[in-house]
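Enquirer: Sequence:
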Amino acid sequence: MNTVQYLNRTFSVPSSWDEFTNDQLILITQLILSGMDPVRIKTILATHVIGLSGHLRPFAGNTYFVPGKISKFQLLAFRAITRKKAYLVSPEDIFFISELFNFMFIPAKYIEDDEKPLVRNVLLKRNFLPVIKSGKTLLYGTSEYYGNCTTAEYIAAENHYTEFINSASVENLDNLCAALYRPIVHLSPVKKLFIHSGADIRQPFDDNYLDNASCFSKIPLWQKFAVLLMFEGVRNYFMLDYPEIYTSSDEATDTENNNQSAWPMVVRSVAGHVTNIEKVLSLNIHSFMFELNQSIIDARKVKSITPKQ
8 MNTVQYLNRT
18 FSVPSSWDEF
28 TNDQLILITQ
38 LILSGMDPVR
48 IKTILATHVI
58 GLSGHLRPFA
68 GNTYFVPGKI
78 SKFQLLAFRA
88 ITRKKAYLVS
98 PEDIFFISEL
108 FNFMFIPAKY
118 IEDDEKPLVR
128 NVLLKRNFLP
138 VIKSGKTLLY
148 GTSEYYGNCT
158 TAEYIAAENH
168 YTEFINSASV
178 ENLDNLCAAL
188 YRPIVHLSPV
198 KKLFIHSGAD
208 IRQPFDDNYL
218 DNASCFSKIP
228 LWQKFAVLLM
238 FEGVRNYFML
248 DYPEIYTSSD
258 EATDTENNNQ
268 SAWPMVVRSV
278 AGHVTNIEKV
288 LSLNIHSFMF
298 ELNQSIIDAR
308 KVKSITPKQ
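Going letter by letter, the sequence shown gives residues 8 to 316 in this note's numbering.
Hints are computed from structural coordinates only; laboratory data are not their basis.
All residues carry an ideal CB built from backbone N, CA and C; glycine is no exception.
Check the hints yourself; a few may be wrong.
What the hints assert, rightly or not - Cross-link-like lysine-lysine pairs, in silico, DSSO-like; alpha carbons within 27 Å at most: (1) K132 x K116; (2) K79 x K91; (3) K132 x K286; (4) K140 x K225; (5) K143 x K225; (6) K123 x K143; (7) K91 x K76; (8) K76 x K225; (9) K79 x K92.
As the list claims (entries may be wrong) - Taking CB as the label site, the calculated pair distances span: (10) G61 x E106: 29 to 35 Å; (11) I113 x S224: 30 to 36 Å; (12) P65 x D44: 35 to 41 Å; (13) L14 x E106: 39 to 45 Å; (14) G142 x T169: 27 to 33 Å; (15) Q230 x G58: 22 to 28 Å; (16) M43 x K91: 32 to 38 Å; (17) K123 x G61: 45 to 51 Å; (18) I191 x F110: 33 to 39 Å.
Construct all of the structure, not just a fragment, from the sequences and the given hints.
Expert: Right under this line is the structure:
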């Protein structure tokens, strides 16, 4: 966290995605979904984090912070300003505070231009929407950093994520949510006592996961987009924690530009034999990624010491 002193008050300003509060992440999700440009997003976020939202009033060419409930009423707010009971807000101050959120965006890749547009750079391990309610149905998501996510579940989500990025179809967004959110297993009170606190209480992932997709057609779009941002955040962390997978030139292990036909090749390469594929798909995604990353490292070592013919 960064510490900022402004208008005689001290504020904690997040320095990473995981330090945002749930309310702040919800606001960010809605701002990004609106298509707002990154500079404007950072400015709105800055005013929100330091408690200026809803208290700013323009007057005589300047902007003032009007404390208390009187800021909601225009006449009372103007009276506070004229009686010098409000604080002048400098645009330069807001700009410098907004610059603390530069970690949220990076210049776009693969665009050859001196002034590259900024794109979001989500690095998020925390699930700030652990439960989503659709009508009377409660759907439960993954734990922090996808600690309870299987390989099959992650691959399904990856495929729908890629499809959404390419098409911006809400149907693909619903399918992404369905891959990661499921109802819980109904257990007797006695069995619940013996469940480990870190155990996955969701129904097991299977080929019928898309049956839950219709549930997500009933929830607000921003919630579904929040699921996408959380997946994107974990995916970006995977690129940092398992770098060999995303830098390999080998087609069978190149998941950065993966498509639905590439993943079976990747799973097969780890399984070693078709009879082991089901076992690999049920692995925790971190175990799978670690094994794949290590296999690439080992393969490169062998290749480096093998004499050329």
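Enquirer: Confirm or reject each hint.
Expert: Hints and how they fare:
1. Restraint check for K132 and K116: satisfied, since their Cα atoms lie roughly 23 Å apart, inside the 27 Å limit.
2. Between the alpha carbons of K79 and K91 the distance comes to roughly 17 Å, so the proposed pair stays at or under 27 Å and holds.
3. In summary, the hint linking K132 to K286 is supported, as the alpha carbons are separated by about 26 Å, within the 27 Å threshold.
4. Annotation: proposed proximity of K140 to K225 holds, straight-line Cα distance about 9 Å (limit 27 Å).
5. A threshold of 27 Å between alpha carbons decides the hint, and for K143 with K225 the separation of about 11 Å falls inside it, so the pair holds.
6. Taking the CA atoms of K123 and K143, the gap is near 46 Å; set against the 27 Å cutoff, the hint is violated.
7. Straight-line distance between C-alpha atoms of K91 and K76 comes to about 16 Å, which keeps the hinted pair within the 27 Å bound.
8. At most 27 Å may separate the alpha-carbon atoms for a hinted pair to count; K76 and K225 exceed this at roughly 35 Å.
9. Between K79 and K92, the direct Cα distance comes to roughly 15 Å. Compliance with the 27 Å bound is thereby established for this hinted pair.
10. Separated by about 23 Å at the C-beta atoms, G61 and E106 break the suggested range of 29 to 35 Å.
11. Judged by the Cβ atoms, the range 30 to 36 Å given for I113 and S224 holds: they are separated by roughly 33 Å.
12. Between P65 and D44 the C-beta distance comes to about 21 Å, which lies outside the given range of 35 to 41 Å.
13. Distance hint for L14 and E106: a CB-CB separation of about 18 Å, inconsistent with the stated range 39 to 45 Å.
14. Between G142 and T169 the beta carbons are some 29 Å apart, a value that agrees with the proposed interval 27 to 33 Å.
15. Evaluation of the 22 to 28 Å hint for Q230 and G58 yields a pass: the beta carbon distance comes to about 26 Å.
16. Checked against the given bound of 32 to 38 Å, the beta carbons of M43 and K91, roughly 34 Å apart, stay inside it.
17. The hinted window of 45 to 51 Å between K123 and G61 is violated, with their beta carbons roughly 34 Å apart.
18. A hinted range of 33 to 39 Å for the beta carbons of I191 and F110 is consistent with their spacing of about 35 Å.
Comparing the model with each earlier hint shows violations of hints 6, 8, 10, 12, 13, 17; every other hint is respected.
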